[in-house]
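Novice: These are the residues of each chain, in order.
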Amino acid sequence: MRKFKEFIIEKLILSCGLASIFFVGVIFFFLLKEGLALFQFIKPISFLLGRNWYPISEPAQLGIFPLILGSLLVTLGAAVISIPIGVACALYISEIAPGKLKEVLKAGIELLAAIPSVVLGFIGMITLVPWVKNIFHLPTGLTALTGSIMLAFMAMPTIVSIAEDALYSVPKSYKEGALAMGATHWQTIWRVMLPAASSGILAAVMLGIGRVIGETMAVMMITGNSAVMPKMIPFGFVQSVRTLTATIAAEMGEAVVGSEHYFALFAIGIVLFIISFAINVTADLFLHREKTRL
Amino acid sequence: MVKFSINNLDIWFGSIQALKNVSIQISANEILSVIGPANSGKTTFLRMLNRLNELQPNFRMQGGIYLSGKDIMKIEAESLRRNVGTVFALPLPLPLSVFDNITYGVRIHGVRNRVELAEIVERSLKQAYLWEEVKDRLNTSAFKLSGGQQQRLCIARTLALSPEVILFDEPCSGLDPISTTRIEEAMLKLKEKYTIILVTNNVKQAARVGDKTAFFLSGELIEMDRTEKIFTTPSDKRTDGYIQGKFG
Numbered sequence: 001m002r003k004f005k006e007f008i009i010e011k012l013i014l015s016c017g018l019a020s021i022f023f024v025g026v027i028f029f030f031l032l033k034e035g036l037a038l039f040q041f042i043k044p045i046s047f048l049l050g051r052n053w054y055p056i057s058e059p060a061q062l063g064i065f066p067l068i069l070g071s072l073l074v075t076l077g078a079a080v081i082s083i084p085i086g087v088a089c090a091l092y093i094s095e096i097a098p099g100k101l102k103e104v105l106k107a108g109i110e111l112l113a114a115i116p117s118v119v120l121g122f123i124g125m126i127t128l129v130p131w132v133k134n135i136f137h138l139p140t141g142l143t144a145l146t147g148s149i150m151l152a153f154m155a156m157p158t159i160v161s162i163a164e165d166a167l168y169s170v171p172k173s174y175k176e177g178a179l180a181m182g183a184t185h186w187q188t189i190w191r192v193m194l195p196a197a198s199s200g201i202l203a204a205v206m207l208g209i210g211r212v213i214g215e216t217m218a219v220m221m222i223t224g225n226s227a228v229m230p231k232m233i234p235f236g237f238v239q240s241v242r243t244l245t246a247t248i249a250a251e252m253g254e255a256v257v258g259s260e261h262y263f264a265l266f267a268i269g270i271v272l273f274i275i276s277f278a279i280n281v282t283a284d285l286f287l288h289r290e291k292t293r294l
Numbered sequence: 295m296v297k298f299s300i301n302n303l304d305i306w307f308g309s310i311q312a313l314k315n316v317s318i319q320i321s322a323n324e325i326l327s328v329i330g331p332a333n334s335g336k337t338t339f340l341r342m343l344n345r346l347n348e349l350q351p352n353f354r355m356q357g358g359i360y361l362s363g364k365d366i367m368k369i370e371a372e373s374l375r376r377n378v379g380t381v382f383a384l385p386l387p388l389p390l391s392v393f394d395n396i397t398y399g400v401r402i403h404g405v406r407n408r409v410e411l412a413e414i415v416e417r418s419l420k421q422a423y424l425w426e427e428v429k430d431r432l433n434t435s436a437f438k439l440s441g442g443q444q445q446r447l448c449i450a451r452t453l454a455l456s457p458e459v460i461l462f463d464e465p466c467s468g469l470d471p472i473s474t475t476r477i478e479e480a481m482l483k484l485k486e487k488y489t490i491i492l493v494t495n496n497v498k499q500a501a502r503v504g505d506k507t508a509f510f511l512s513g514e515l516i517e518m519d520r521t522e523k524i525f526t527t528p529s530d531k532r533t534d535g536y537i538q539g540k541f542g
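First to last, the sequence lines map onto chains W and F. Straight run, no breaks: the first sequence in the working numbering ends on number 294. Straight run, no breaks: the second sequence in the working numbering ends on number 542.
The set of hints was computed from the structure by calculation and includes no laboratory data. For clarity, every value in this text was computed on a predicted model and none was experimentally measured. Backbone N, C-alpha and C fix where the C-beta goes; we use that ideal spot for every residue, glycine too. Hints are supplied without guarantee of correctness; some may be wrong.
Here are some chain F residues pointing at chain W (derived, C-beta under 8 Å) [as the list claims (entries may be wrong)]:
#, residue
1, Leu-346
2, Phe-382
3, Leu-384
4, Ile-516
Simulated restraints, written as ranges between beta carbons of each label pair [as the list claims (entries may be wrong)]:
#, chain 1, residue 1, chain 2, residue 2, range
5, F, Asp-519, W, Leu-285, 24 to 34 Å
6, W, Ser-276, F, Asn-352, 38 to 48 Å
7, F, Pro-389, W, Gln-61, 45 to 55 Å
8, W, Lys-100, F, Arg-406, 47 to 57 Å
9, F, Asn-433, W, Arg-289, 19 to 29 Å
10, W, Asn-280, F, His-403, 16 to 26 Å
11, W, Val-281, F, Glu-486, 33 to 43 Å
12, F, Pro-389, W, Lys-106, 46 to 56 Å
13, W, Ser-169, F, Asn-433, 39 to 49 Å
14, F, Gly-357, W, Asn-280, 50 to 60 Å
15, W, Lys-100, F, Ser-309, 34 to 44 Å
16, F, Gln-311, W, Pro-171, 51 to 61 Å
17, F, Lys-483, W, Lys-106, 43 to 53 Å
18, W, Lys-33, F, Ser-440, 55 to 65 Å
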């Protein structure tokens, strides 16, 4: 009887495990099937590098290059803002902040992670958009920069908490070794703690970026959604852009099932999938490297 | 000449008292062995001498510690730690080359000249009895060295800073007998120039290298005397018991 119970529980857990793999497989299959169907109408190269996205003109022009650039631009901006602040914040929490403040800060960061992205988008729309508009004297405040700033807030909790973990797991003896040689606190942080935690911090950065590139709601609300080629950096930042994710979210509802437009949106999904997969794999490599080294 | 003078030292971590009214004079150019069972306060005592204890939360102390007559709490921690070097139980080279491991500390303190650095590396490796073994591979990673060599590298790294005092915190606990002998030889040679304080769990090692030996038990200094006396006719019977291996 007991053995039978063990058997049932074991199989139950096994089937749960298999189910998750099965669903991922099905989703992947569906995405590929619908997305790859596009390429009977249009060549992959002119899909990826085409400069015009006019999905409902006749004939439809389905070039997603401006969307890719839009995504990259917003992500780059968010990374530039969130990485230094996030890593500095992690350093402060793990190395400098006294006990009580540390707890408060950690709780605060977790709270930041709990804010739904639509709320961030909403707050951005009300406060940040007019501010950006006035500072740069723009016709509209719905720009890539606005999106970058808001997304930096979304990436920050991920970066801070994972980087803080990485710093925390640096063996205490490293730190004591450096201090015992007469290094100051800052020298210890800069020359010992940061290099020792570097792979974990890189992983934190990659995961933060992964979160930004896959984000939809906030960017759709505040980047302006114009699918045109962004200008060169830095001018591209103060211009409306549209990202890959926002395109899918905004247009899926009105695309005719089975049309080129419909397939193109799935193909965008594949592109996004490849990008975030690459980012996650890179992050994993860094995390893994850290584990094997220590 | 008295190097370190410790007067009525009490140390607490939170509500736990780690050292109780310890007074001790440490002479220059001698090796003081510190022995005692686990939790006797010997490591706390050692870490007090370069102020590493104060990194712990809830640390509190009373009493005075004087290095060459100066109150160490009034010396800047960084310059104190430069003068009072530490060799830890586990060899802990940095993930750098042999050369860079040794010059790391001096560079932090502003020495940049290549020639000067090379001289420092040679001098400190020779003092740590490691020069002959590594002189042809100064640019290989420190992790390629054996455990005993890594520990001597750590000694050389400490010596590179030209300290006055070197603290050894169970430096041979992870090493084989041959490496242990090497390190003991190095210590005996080093005491001509430096003052050495050796915390060890190996009573025989204390007897082999120590000029004086201090016995700690439950945070108290039971007695300190010339090593021969401690090991032949100790004044306290608890000391005798520990040395004989009746408890530990």
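Novice: Each hint: holds or not?
Specialist: Do the hints match the structure? See the list:
1. Interface restraint check for Leu-346/F: the shortest CB-CB distance to chain W comes to about 6 Å, inside 8 Å, so the restraint holds.
2. For Phe-382/F, the interface hint holds, the least distance from its beta-carbon to any beta-carbon of chain W being 6 Å, beneath 8 Å.
3. The interface hint given for Leu-384/F is met, as the beta carbon of that residue sits about 7 Å from the closest beta carbon of chain W, less than 8 Å.
4. A hinted interface residue such as Ile-516/F counts as satisfied when its beta carbon comes closer than 8 Å to some beta carbon of chain W; here the least separation is about 28 Å, so the hint is violated.
5. At about 59 Å, the beta-carbon gap between Asp-519/F and Leu-285/W misses the expected band of 24 to 34 Å.
6. Between Ser-276/W and Asn-352/F the beta carbons are some 45 Å apart, a value that agrees with the proposed interval 38 to 48 Å.
7. Take Pro-389/F and Gln-61/W: their Cβ atoms lie about 53 Å apart, and the range 45 to 55 Å holds.
8. The given range of 47 to 57 Å is broken by Lys-100/W and Arg-406/F, whose C-beta atoms sit roughly 41 Å from each other.
9. Distance hint check for Asn-433/F and Arg-289/W: the Cβ-Cβ separation is about 23 Å, which falls inside the suggested range of 19 to 29 Å.
10. Checked against the hint of 16 to 26 Å, the pair Asn-280/W and His-403/F fails, with Cβ atoms roughly 43 Å apart.
11. Our hint of 33 to 43 Å for Val-281/W and Glu-486/F is violated, since their Cβ atoms are close to 58 Å apart.
12. Against the hinted window of 46 to 56 Å, the Cβ-Cβ separation of Pro-389/F and Lys-106/W comes to about 29 Å, which falls outside the hint.
13. Between Ser-169/W and Asn-433/F the CB atoms are about 29 Å apart, so this pair departs from the stated range of 39 to 49 Å.
14. Distance hint check for Gly-357/F and Asn-280/W: the Cβ-Cβ separation is about 56 Å, which falls inside the suggested range of 50 to 60 Å.
15. Distance hint check for Lys-100/W and Ser-309/F: the Cβ-Cβ separation is about 19 Å, which falls outside the suggested range of 34 to 44 Å.
16. Look at Gln-311/F against Pro-171/W: about 28 Å separates their beta carbons, and that is not inside 51 to 61 Å.
17. As the Cβ distance of Lys-483/F to Lys-106/W is approximately 50 Å, the hint placing it in 43 to 53 Å holds.
18. With their beta carbons about 59 Å apart, Lys-33/W and Ser-440/F fall inside the hinted range of 55 to 65 Å.
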